[in-house]
Amino acid sequence: MRRYSAFAIAREAMRFHTGWGRAGRAPEPKKHYDVVIVGAGGHGLATAYYLGKNHGITNVAIIEKGWLGGGNTGRNTSIIRSNYLQDESAAIYEKSRSLYETLSQDLNYNIMFSPRGVMMLAQTEHEVRGYKRTEHANRLQGVETRFISPTEVKKLLPIIELRGPRFPVLGALWQPRGGTARHDAIAWGYARACSDMGMDILQKCEVTGINQTAGKVTGVETTKGAISCDKLGLIVAGHSGHLAEMAGFRLPIESVALQALVSEPIKPCMDVVVMANTVHGYMSQSDKGEMVIGGGADGFNNYTQRGSFHHVEETVRALIETFPMISRLKMLRQWGGIVDMTGDRSPIIGKTPLGNCFIDCGWGTGGFKAIPGSGWSMAATMAKGEPDEFAAGFGLERFREGRFIDESVAAGVAH
Amino acid sequence: MLILHCPYCGIDADETDLAPGGEAHITRHGAEASDDAFEAYLFHKKNPRGVHFERWRHSFGCGKWFHAARDTMTLEVFGTYSAQTVSPPKTLINKIKKKRPDWEGF
Chain A
9 MRRYSAFAIA
19 REAMRFHTGW
29 GRAGRAPEPK
39 KHYDVVIVGA
49 GGHGLATAYY
59 LGKNHGITNV
69 AIIEKGWLGG
79 GNTGRNTSII
89 RSNYLQDESA
99 AIYEKSRSLY
109 ETLSQDLNYN
119 IMFSPRGVMM
129 LAQTEHEVRG
139 YKRTEHANRL
149 QGVETRFISP
159 TEVKKLLPII
169 ELRGPRFPVL
179 GALWQPRGGT
189 ARHDAIAWGY
199 ARACSDMGMD
209 ILQKCEVTGI
219 NQTAGKVTGV
229 ETTKGAISCD
239 KLGLIVAGHS
249 GHLAEMAGFR
259 LPIESVALQA
269 LVSEPIKPCM
279 DVVVMANTVH
289 GYMSQSDKGE
299 MVIGGGADGF
309 NNYTQRGSFH
319 HVEETVRALI
329 ETFPMISRLK
339 MLRQWGGIVD
349 MTGDRSPIIG
359 KTPLGNCFID
369 CGWGTGGFKA
379 IPGSGWSMAA
389 TMAKGEPDEF
399 AAGFGLERFR
409 EGRFIDESVA
419 AGVAH
Chain B
10 MLILHCPYCG
20 IDADETDLAP
30 GGEAHITRHG
40 AEASDDAFEA
50 YLFHKKNPRG
60 VHFERWRHSF
70 GCGKWFHAAR
80 DTMTLEVFGT
90 YSAQTVSPPK
100 TLINKIKKKR
110 PDWEGF
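If you're matching them up, the sequences are chains A and B in order. Quick note on the working numbering: the first sequence kicks off at 9 and runs consecutively. Quick note on the working numbering: the second sequence kicks off at 10 and runs consecutively.
Be a bit skeptical, because a hint or two may be false.
To be verified - Below, a list of computed lysine to aspartate or glutamate pairs in the EDC-like style, where the Cα atoms sit at most 16 angstroms apart:
id, chain 1, residue 1, chain 2, residue 2
1, A, K103, A, E397
2, B, K54, A, E253
3, B, K54, B, E32
4, B, K55, A, E253
5, A, K359, A, D238
6, A, K103, A, D396
In case anyone wonders, no lab produced these hints; they're calculated from the structure. These numbers were taken from a predicted model, which means no experiment stands behind them.
The task is simple: from the sequences and hints, build the whole structure.
Quick look at the structure:
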């Protein structure tokens with residue numbers, strides 16, 4: 009693999025960029041791999057990367073029915089934060105956020121991590137109390153957050169209207185090292201590193217069946233033929249339920265559509281990420297100048313990657329109240345992704361009823377920020393065959409045991 | 010926008026007039042049930058790619074619960090029917106089977 013550097017750019021500039029070469033291989037599937045991972049999105053690729061890097065397992069195939077990062081990895085609003093209330097969540101999301109800090113150097117690929125700060129507006133008295141509680145919880149968990157006053161909010165974010173018509177801004181939970189990153193680059197960077205370790209990324213290859221004997225997985229049937237494996241990882245977000253059905257068990261998951269949209273690009277006007285959870289909208293400005301906007305998920309099962317229009321209307325209405333200056337902006341693009349929602353809005357990482365089959369799913373509306381941490385934890389879980397310290401609380405059995413990690417109460421909204 | 014016909018008041022209601030209520034025809038279990046059955050009842054919802062039977066409430070209309078049959082891959086609505094039943098009506102099942110020959114049935 010060619011290393012990317014300032015020197016490489018200068019060298020290639022001298023020869024009209026003819027020497028870059030491909031970033032990764034496009035291999036044909038082998039008959040057998042030690043580990044097969046279904047899903048070449050951020051989580052699947054990160055799992056493969058840490059399997060190789062942390063555990064020395066490189067005879068790995070990552071199978072993808074579409075293309076690299078073509079699912080939710082390329083469809084989110086790219087927000088990174090770790091200000092969660094529950095200890096288990098804070099631990100894995102903070103691990104993930106801290107891995108993002110050095111990911112560009114680790115992967116030798118610019119993921120454009122921008123720790124510009126994430127601000128969650130408190131717009132009711134309940135929210136003020138809730139966020140103060142989160143601030144205290146975060147202090148104990150070692151996550152750096154601070155509850156800030158409306159004056160500080162205005163100073164950090166001059167375009168905000170503090171006295172909106174419905175919900176005045178009473179303060180905010182501020183995470184200075186939260187931010188954004190370039191979501192496609194996460195998939196491409198991990199994929200390039202995986203390919204370099206000798207792993208096979210098989211695109212346009214759909215899993216059509218999961219072969220098993222005596223409660224153990226022996227391999228998968230794909231559109232490019234049968235592939236056998238010692239261990240199988242299912243990391244496919246929205247379609248996790250479908251894959252689990254194929255493997256013969258059911259997940260506590262329902263798939264719904266979540267939408268996002270971007271405006272036309274404008275000059276820099278906000279350098280933080282804002283989430284307004286009471287009125288339900290969140291917004292940041294991309295490096296291209298587009299306002300990146302997200303809102304609520306639909307309430308009904310859907311696999312079509314398009315959501316209901318009224319959610320767009322509600323989100324935009326809420327954001328115009330909070331940022332009156334965006335009221336004349338035109339929206340350029342709008343899209344939807346299929347998110348896998350669990351009952352407690354927390355993910356599932358760990359073992360399945362099949363001995364050598366592991367699952368990492370249920371990240372719902374907040375999977376992007378978790379990519380490195382999820383991969384780190386899932387790789388350790390798959391390598392050792394037992395959940396690691398981060399995955400321990402997130403097992404499938406928690407629903408049966410009534411041991412929820414209830415972020416639907418803690419966050420109250422999509423997260 | 011999703012539009013469902015309310016079988017009680019006869020109105021074609023927009024999605025904004027409706028509240029989704031999740032999977033329909035769930036067998037309810039009480040305290041005497043086995044752990045497996047109770048877990049499945051609480052959490053293991055059907056999440057099919059294709060035909061799905063759901064509960065909806067005409068919340069900004071007559072306020073009543075009804076059932077709907079919908080395709081989660083195309084958003085096509087096959088029909089709606091009264092909630093006073095434990096299984097979808099035969100006519101609706103036949104209609105869906107005609108449109109989706111591969112469907113495994115209710």
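Here is what the structure says about each hint:
1. Restraint check for K103/A and E397/A: the C-alpha separation of about 11 angstroms stays at or below 16 angstroms, so the hint holds.
2. Distance hint between K54/B and E253/A is fulfilled; the C-alpha atoms sit about 12 angstroms from each other, no more than 16 angstroms.
3. At most 16 angstroms may separate the alpha-carbon atoms for a hinted pair to count; K54/B and E32/B meet this at roughly 7 angstroms.
4. Restraint check for K55/B and E253/A: satisfied, since their Cα atoms lie roughly 10 angstroms apart, inside the 16 angstroms limit.
5. With a CA separation close to 14 angstroms, the supplied pair K359/A and D238/A stays within the 16 angstroms bound.
6. For the proposed pair K103/A and D396/A, the alpha carbon gap of about 13 angstroms is at most 16 angstroms, so the pair holds.
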